[in-house]
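With the hints as constraints, model all of the structure from the sequences given.
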Amino acid sequence: MKLEQPVFNTDQRPDLQGHFGEFGGKYVSETLMAALDELNVAWQKLRKDPKFIAEFDHDLAQFVGRPSPLYHAKRLSAENGGAQILLKREDLNHTGAHKINNTVGQALLARYLGKNRIIAETGAGQHGVASATVAARMGMKCVVYMGEVDIQRQAINVYRMRLLGTEVRAVNSGSRTLKDALNEAMRDWVSNVDETFYIIGTVAGPHPYPQLVRDFNSVIGREAKIQMQQQFGRLPDALVACVGGGSNAMGLFHPFIDSTEVPMFGVEAAGKGLDSGAHAAPLCAGRVGVLHGSKTYLMDDDDGQIVHTHSISAGLDYPGVGPEHAWLKDSGRAEYVAIDDDEALAAFHLLTRCEGILPALESSHAVAYALKLAAQMSPDQLVLVNLSGRGDKDVHTVAALEGLEL
Amino acid sequence: MNQIEQPERLQACFARCKQAGRAALIPFITAGDPFVEGTVELMHSLVVAGADIIELGVPFSDPMADGPVIQAASERAIGRGTSLVKVLAMVKEFRQQDTQTPVVLMGYLNPVFRLGFKQFARLSVVAGLDAVLLVDSPPEESQLLEKHLSESGLAMIRLVAPTTTKERMQLIAANSSGFIYYVAIKGTTGSQSASAADNANSQAAIDYMRELSGLPVAAGFGIKDEQSAVNWAQQADAVVIGSALVTRLAESESINEAKQIIQSFLAPIRQAIDND
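Sequences listed follow chains P and G, in order.
Take the first sequence: its letters are residues 1 to 406, numbered as in the numbering used here.
Take the second sequence: its letters are residues 1 to 276, numbered as in the numbering used here.
It should be emphasised that the hints constitute simulated quantities derived from the structure, not laboratory data.
All C-beta atoms in this analysis are idealised placements derived from N, C-alpha and C, irrespective of residue type, glycine included.
Treat the hints with care, since some could be wrong.
Below are the DMTMM-like pairs computed for lysine to aspartate or glutamate, each with C-alpha atoms no more than 20 angstroms apart in a straight line [said to hold, decoys possible]:
hint: 1; chain 1: P; residue 1: Lys48; chain 2: P; residue 2: Glu22
hint: 2; chain 1: P; residue 1: Lys372; chain 2: P; residue 2: Glu335
hint: 3; chain 1: G; residue 1: Lys259; chain 2: G; residue 2: Glu226
hint: 4; chain 1: P; residue 1: Lys141; chain 2: P; residue 2: Asp194
hint: 5; chain 1: G; residue 1: Lys86; chain 2: P; residue 2: Asp302
hint: 6; chain 1: P; residue 1: Lys45; chain 2: P; residue 2: Asp57
hint: 7; chain 1: P; residue 1: Lys372; chain 2: P; residue 2: Asp237
hint: 8; chain 1: P; residue 1: Lys74; chain 2: P; residue 2: Glu335
hint: 9; chain 1: G; residue 1: Lys147; chain 2: P; residue 2: Glu22
hint: 10; chain 1: G; residue 1: Lys86; chain 2: G; residue 2: Asp98
hint: 11; chain 1: G; residue 1: Lys18; chain 2: G; residue 2: Glu140
hint: 12; chain 1: G; residue 1: Lys166; chain 2: G; residue 2: Asp225
hint: 13; chain 1: P; residue 1: Lys272; chain 2: P; residue 2: Glu343
hint: 14; chain 1: G; residue 1: Lys259; chain 2: G; residue 2: Glu37
hint: 15; chain 1: G; residue 1: Lys118; chain 2: P; residue 2: Glu22
hint: 16; chain 1: G; residue 1: Lys166; chain 2: G; residue 2: Glu140
hint: 17; chain 1: G; residue 1: Lys166; chain 2: P; residue 2: Asp194
hint: 18; chain 1: G; residue 1: Lys259; chain 2: G; residue 2: Glu41
hint: 19; chain 1: G; residue 1: Lys224; chain 2: G; residue 2: Glu251
hint: 20; chain 1: G; residue 1: Lys224; chain 2: G; residue 2: Asp274
hint: 21; chain 1: G; residue 1: Lys118; chain 2: P; residue 2: Asp302
hint: 22; chain 1: G; residue 1: Lys92; chain 2: P; residue 2: Asp303
hint: 23; chain 1: G; residue 1: Lys118; chain 2: P; residue 2: Glu343
hint: 24; chain 1: G; residue 1: Lys166; chain 2: P; residue 2: Asp37
hint: 25; chain 1: P; residue 1: Lys372; chain 2: P; residue 2: Glu355
hint: 26; chain 1: G; residue 1: Lys118; chain 2: G; residue 2: Glu75
hint: 27; chain 1: G; residue 1: Lys259; chain 2: G; residue 2: Glu211
hint: 28; chain 1: G; residue 1: Lys147; chain 2: G; residue 2: Glu8
hint: 29; chain 1: P; residue 1: Lys115; chain 2: P; residue 2: Glu22
hint: 30; chain 1: G; residue 1: Lys86; chain 2: P; residue 2: Asp303
hint: 31; chain 1: G; residue 1: Lys224; chain 2: G; residue 2: Asp276
hint: 32; chain 1: G; residue 1: Lys166; chain 2: P; residue 2: Glu38
hint: 33; chain 1: G; residue 1: Lys86; chain 2: P; residue 2: Asp301
Sample of chain G residues at the chain P side, in silico, Cβ under 10 angstroms [claimed, not checked]:
hint: 34; residue: Val36
hint: 35; residue: Asp66
hint: 36; residue: Arg168
hint: 37; residue: Gln170
hint: 38; residue: Tyr181
hint: 39; residue: Ser191
hint: 40; residue: Phe221
Shown next as structure tokens:
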């Protein structure tokens, strides 16, 4: 497929200091500033370099298997009633999720900067696997930090990483989930900054990461825009994507930001319900603060301590969110909603049974909201859902919830 | 060069040390650790053992720049209900008996942001605090906070790292007060000691920061005993000792034991600095 739009949107967000309105920035220790500046200088140059972009596009086509299909889920749509549901099939990418788009790009960047050691944090394990994969392909050493809790609920992905030659380091501080893995990866980076490239897996963190990760994932939205024209002759009536840190949503949304006639919905994890406190929905139920290098929405207590989050899906179980989402929320360009564990599970089963597609629990949140939204729309309308990953990794979790041991 | 008014207690402290021909000793402890009650008592013990300035850690749930020792201390302290407001109350209690020893709060931005910059500055002045070091609040992102602090006469301490460029050193010098904190190694708090290569570059960086800012420069990160303290005391105007002390305190089972640890660990270091 020929991508006719500019490959990387060169708009004015973020500004030169990495701000999206009041959000974003570089709230990090001085010990990291030099590394971030080095990365930023390289990225501002390379994102406009035709040779780098050609190399990235080549890898996306030949290694990732892009473009990913835009699939009309006809039986699901009929079963649900209302608008037609279209799935952007990121689950069909190599390694089974959108995460590989970003790691392929950042691995190229690491090579450009002459760094031979890669580190990454992971929650669900998808970003860890995607990082381990590109490290194996490039012959680089790789260390992935993962919370102990996540290691238990994502055993298959842990073993996949080890098969790929990556060292998985268990993180047992704090809530032992994604946020603590991110802290630990940052610490590693501070200590080994000369030879190490830190591949952040989402659009959070200090500048330039939110921009960098968005740029690499925006291939999702660029393809979707073209596929909509080719298959339906128009743009969709709504976009829906799940939001943990927010990389798959940002990847889909970004090329549509200026197409203001298309409403965008980001779906956070309501966990056991927004009122229960056991959720991971900073945009819906949090407030502005500073975490992991960015000013953004987050979940904290009245003393400013980051609180433990809950979601059935490890990939959404994060108390912060990418700063560009914070900006999209406050500017009104995107709307953020939440889906609880039960609703996500129901959508997981429905999509699996109706279409023969087993979605990741993360993506099931997006599907669940799309079903609600579509039910209130007419059958000639189109709702585009980002099916960000496949659900094989979650089979054990789902079985356990149903009292089965595999 | 520096436009910001210097807080008196800090200035007087560095003047005393300079007159005595030695570096200042700055121990770090995490507020609320190892016991939620007793931090103030331990602060007084630090002074008795030879502390010139006290660095008091405000525990944060996600201390990205700290190693395992301070992380664990922070978790313990938060678990016992230590909050920023309570830490400021500890400073206030300390001040009732000690009007001379400067106290620096070290922590992360979000608890301060949540309390509100204005309220934080107000409570800090009432408490008798002297300076603030917020690890994740670089000059580029702290204009509003700096405004509130300087209006209240509080110093803003900033870090300089071995990787900091000359351009950034100028930016940091222009936006610092009290003193500058030179991070002696690439790493988190409590990492291994500085390498010979780090040492060679550090003297140049410390001298350059003194010249740019007109402020004293403290060295910290990786200082753990008499020998390393003396090494850095020769290069810098002050030495900070954190993780090595916090590790020892974590093993204490009572306040009295903690006080003894402070005396037996810190006093010889102060002596070594004095005799050097």
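Outcome of the hint check:
Between Lys48/P and Glu22/P, the direct Cα distance comes to roughly 26 angstroms. Violation of the 20 angstroms bound is thereby established for this hinted pair. With a C-alpha separation of about 15 angstroms, the suggested pair Lys372/P and Glu335/P falls inside the 20 angstroms cut-off, and the hint holds. Restraint check: the Cα-Cα separation between Lys259/G and Glu226/G comes to about 19 angstroms, which is no more than 20 angstroms; the hinted pair holds. For the proposed pair Lys141/P and Asp194/P, the alpha carbon gap of about 14 angstroms is at most 20 angstroms, so the pair holds.
Among the hinted pairs, Lys86/G with Asp302/P is consistent with the structure: their alpha-carbon atoms are about 13 angstroms apart, no more than 20 angstroms. At most 20 angstroms may separate the alpha-carbon atoms for a hinted pair to count; Lys45/P and Asp57/P meet this at roughly 17 angstroms. Among the hinted pairs, Lys372/P with Asp237/P is consistent with the structure: their alpha-carbon atoms are about 14 angstroms apart, no more than 20 angstroms. Annotation: proposed proximity of Lys74/P to Glu335/P is violated, straight-line Cα distance about 26 angstroms (limit 20 angstroms).
For a cut-off of 20 angstroms, the pair hint linking Lys147/G to Glu22/P stands: about 18 angstroms separates their Cα positions. Between Lys86/G and Asp98/G the alpha-carbon distance is near 18 angstroms, which keeps this suggested pair within the 20 angstroms criterion. At most 20 angstroms may separate the alpha-carbon atoms for a hinted pair to count; Lys18/G and Glu140/G exceed this at roughly 32 angstroms. About 30 angstroms separates the Cα atoms of Lys166/G and Asp225/G, which puts this hinted pair outside 20 angstroms; it is violated.
The suggested pairing of Lys272/P with Glu343/P holds, with an alpha-carbon distance near 10 angstroms, which does not exceed 20 angstroms. Between Lys259/G and Glu37/G, the direct Cα distance comes to roughly 13 angstroms. Compliance with the 20 angstroms bound is thereby established for this hinted pair. In summary, the hint linking Lys118/G to Glu22/P is supported, as the alpha carbons are separated by about 19 angstroms, within the 20 angstroms threshold. With a CA separation close to 16 angstroms, the supplied pair Lys166/G and Glu140/G stays within the 20 angstroms bound.
Between Lys166/G and Asp194/P the CA atoms are separated by roughly 18 angstroms; this keeps the pair inside 20 angstroms, and the hint holds. Proximity of Lys259/G to Glu41/G is assessed by CA-CA distance (about 8 angstroms); at most 20 angstroms being required, the pair is judged to hold. A threshold of 20 angstroms between alpha carbons decides the hint, and for Lys224/G with Glu251/G the separation of about 16 angstroms falls inside it, so the pair holds. Proposed proximity of Lys224/G and Asp274/G is supported: the alpha carbons are some 17 angstroms apart, at most 20 angstroms.
At most 20 angstroms may separate the alpha-carbon atoms for a hinted pair to count; Lys118/G and Asp302/P meet this at roughly 16 angstroms. The straight-line distance between the Cα atoms of Lys92/G and Asp303/P is roughly 19 angstroms, inside the 20 angstroms bound, and the hint therefore holds. For the hint pairing Lys118/G with Glu343/P, the CA-to-CA distance comes to about 43 angstroms; that exceeds 20 angstroms, so the pair is violated. With a CA separation close to 13 angstroms, the supplied pair Lys166/G and Asp37/P stays within the 20 angstroms bound.
Distance hint between Lys372/P and Glu355/P is fulfilled; the C-alpha atoms sit about 18 angstroms from each other, no more than 20 angstroms. Distance check on the hinted pair: Lys118/G and Glu75/G sit about 27 angstroms apart at the alpha-carbon level, beyond 20 angstroms; violated. Using a Cα cut-off of 20 angstroms, the hinted pair Lys259/G and Glu211/G is violated, with the two alpha carbons roughly 38 angstroms apart. For the proposed pair Lys147/G and Glu8/G, the alpha carbon gap of about 18 angstroms is at most 20 angstroms, so the pair holds.
At roughly 33 angstroms between alpha-carbon atoms, Lys115/P and Glu22/P are farther apart than 20 angstroms, so this suggested pair is violated. Straight-line distance between C-alpha atoms of Lys86/G and Asp303/P comes to about 10 angstroms, which keeps the hinted pair within the 20 angstroms bound. Restraint check for Lys224/G and Asp276/G: the C-alpha separation of about 17 angstroms stays at or below 20 angstroms, so the hint holds. Between Lys166/G and Glu38/P the CA atoms are separated by roughly 15 angstroms; this keeps the pair inside 20 angstroms, and the hint holds.
Distance restraint check for Lys86/G and Asp301/P: the Cα-Cα separation of roughly 15 angstroms lies within the 20 angstroms cut-off, and the hinted pair is therefore satisfied. At its closest, the beta carbon of Val36/G sits 14 angstroms from a beta carbon of chain P; the interface hint therefore is violated under the 10 angstroms criterion. This hint holds: Asp66/G has a C-beta 8 angstroms from the nearest C-beta of chain P, less than the 10 angstroms allowed. Using the Cβ-Cβ criterion of 10 angstroms, the hint placing Arg168/G at the interface with chain P is satisfied: the shortest such distance is roughly 6 angstroms.
Interface hint at Gln170/G: violated, since its Cβ lies 13 angstroms from the closest Cβ of chain P, which is beyond the 10 angstroms cut-off. The closest approach between the C-beta of Tyr181/G and any C-beta of chain P is roughly 9 angstroms, which is under the 10 angstroms cut-off, so the hint is satisfied. Checking Ser191/G against chain P by beta carbon gives a least distance of about 6 angstroms; that is within 10 angstroms, so the hint holds. The restraint placing Phe221/G at the interface with chain P holds, with a minimum CB-CB distance near 9 angstroms, inside the 10 angstroms limit.
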